[in-house]
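I would like the entire structure built from these sequences, with the hints used as guidance.
Protein chains in written order, with this note's numbering: chain A, 2 to 308; chain B, -19 to 196.
No lab work stands behind these hints: they were computed from the structure. These numbers were taken from a predicted model, which means no experiment stands behind them. Here a beta-carbon is modelled for each residue, glycine too, at the ideal position from N, C-alpha and C. Treat the hints loosely; a few may be bogus.
[Stated by the list, open to error] Pairwise CB distance ranges (calculated):
no., chain 1, residue 1, chain 2, residue 2, range
1, A, Arg109, B, Leu181, 18 to 28 Å
2, A, Phe233, B, Val(-1), 30 to 40 Å
3, B, Gly(-11), A, Met182, 46 to 56 Å
4, A, Pro14, B, Ser101, 41 to 51 Å
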Amino acid sequence: MSEASVLYDVPGPRARRRDRALTAIFTVVFLAIIAYFAYALYKRGIFDDRWSVLTDPPKSQTAADVWGSLFRGIKATLSAAAVAAPAALAIGIVLSIFRRGLRYRVGRASMVVVTELARGLPVLLLMFFARFVLGWEPFWSVVFGLVVYNAAVNAEIVRAGLAALPKGQREAGLSIGLSTMRTTLIVELPQAIRVMLPALVSQLVVLLKDSSLGYIVSYEELLRIMKTNRDFFGDRYMIPLFVVGAGIYITINILVSRLAIYIERRMRTSRHVARTPSGTPPLPEGGAEARRYTANTGYGTGGTPGP
Amino acid sequence: METFIEEFGLIWGGFLATVSLATVSGILALVWGTVLAAFRVSPIGPLRTFGTVYVEIVRNTPLTLMFFFWVFVVPSLGFVPDLGFQPAVIALSLYTSSFVCEALRSGVNSVGIGQAEAARSIGLGFGQTLTQVVLPQAWRTSIPPLISVLIALVKNTSVAAGFAYAEMVAISKRLTNLHPTDALFIFFGIGMMYLLITIPLGILAARIERRVAFAR
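Below, the structure written as structure tokens:
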């Protein structure tokens, strides 16, 4: 490695020779494995005319039909996310403010219970609940599941951001005569959201990924459309369709993850973020408790999404 | 409420199915994730590249897509796993391992470089530095996020409901079809059983965290 590492000494001539040899060996091994897989796939006829489903599909369909349906799928996936994400953020902020500001213990405790419940349940169970108990449309069932879970996680993220701010921010707000609520709303909240922006954006990836659960509650999103196409054209055409669909999913998610990493990097050098006395931005990595709450968003591991 | 008690045999079966799926894929994910983490911090370029590409792709893949791959795509390549448990374990452990890897790696990266320098300067060798100084500290930082990953795994087993594995969420759907009037209670009960696993794990994480907390 070029930079200094906690695990190894700076390599000397012998270590460098050994690393070079191992690098060569593993490169050859990996290339051999890839070549073997490619050959095995070729043997099974993966590279035959089945890819025509993307350019000149059978059953008197046109390529425009196939691609049009895939784009409808993307639109459905993104529209569920576009409805759910702002709602989850808004509710999450409200929850975190209540949890911080409520004067009575019962009120605060009930906020804790609500967020813990929503975080501890599988998103699919929430979607099934909306679909089969409340009898909602598939679209709204998907949105319901996404909103309930992500609102709870966003509430934790914002709360961690509020807790990580330097105490002086709150004291300053109170000392110029703002009420506690206004201090939170005008002084603390904007800074907390700014600090936690990478975590909130990578939570967006989690939300996008979970929207594919719509497949199971028969919402016509990208994955479901892939399956419909496969059922129509036959199993032979599964692989080209899957390659395209998976490519779309992964590309969108990697782009959003990159955005989170970019924001995180920029924030480290920004002068417009509240800093702790040691001069670093109050990122939650230092606080062990905040770390646990944001671990699911993968925050601190490069602003990338969680499971 | 009565339905819930009457059908408890079925629900208990689903609970055990969820727990066994989570346990098996959790162990596999921990093993494979540790291997990946070792790849990602190794000095050998190709291993690092493999680890990075794997984690980057898998972490940005929806779990449903991963299940879809093992249930519909792999069979069309000619490799047919049994339906139900087998593809669920494969999909869940491959998916979760990327998050295990990142939790471990961020633990290693969180150890200050001065620690290793100090260890070397008092004459500890590579193995001693690793086992006496670096790993104990990295491990402590990694445990809380690792438990979060395992909690997420427990909840993620529910995706198997969409791919022919009769775990708790699949059971809840079957029971609501059988007893539409008691749907609310059934969902409430099943939800409680999930919380029975996830909330104690969360409390455990918080406890371990307080215990292993140390100043840097």
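Hints violated by the structure (numbers, ascending): The structure conflicts with hint 4 only, although it agrees with all the remaining ones.
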